[in-house]
Amino acid sequence: MRILNQDPQKTEVTGLSELIAANAAQVRDDIRNALPPSVTILDLDLSSVTFLDSSGLGALISLHKTMRSRNGTVRLINPAPNVRQILELTRLHRVFEIVTR
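Note that our numbering numbers the sequence shown so that position 30 is 32, with each residue one more than the last.
To be clear, the hints were calculated from the coordinates, so they are not data collected in a lab.
Listed next, with one range per pair, are the computed distances between beta-carbon atoms:
| hint | residue 1 | residue 2 | range |
| --- | --- | --- | --- |
| 1 | R72 | A27 | 15 to 23 Å |
| 2 | N35 | Q87 | 24 to 32 Å |
| 3 | N73 | A24 | 27 to 35 Å |
| 4 | L94 | G17 | 17 to 25 Å |
| 5 | N7 | K67 | 16 to 24 Å |
None of these values were measured; they are calculated from a predicted model. Where a beta carbon is used, it is the ideal one built from N, C-alpha and C, also for glycine.
With the hints as extra help, turn the sequences into a complete structure.
If you want it as structure tokens, here you go:
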């Protein structure tokens, strides 16, 4: 996983392959710890994520709450079809901004 602070208001996370019980808490904590106070946009590139379970969904929701407390947003970038399907089944596609590039 790579965390890029591109500008004072935006952080991008790339290189995630799975967001599952085994790594969800660590990924969430690593991202939170890397967020400068000025960041209001968190872009999570999900194009390489092959599997997402309920713990991964919980981590996404937790990051969403963190960003909302800053009056910010989490954008999910290019979720793979299977990940997008999970987001739609759980109606989380209504919570997160999903960006296709």
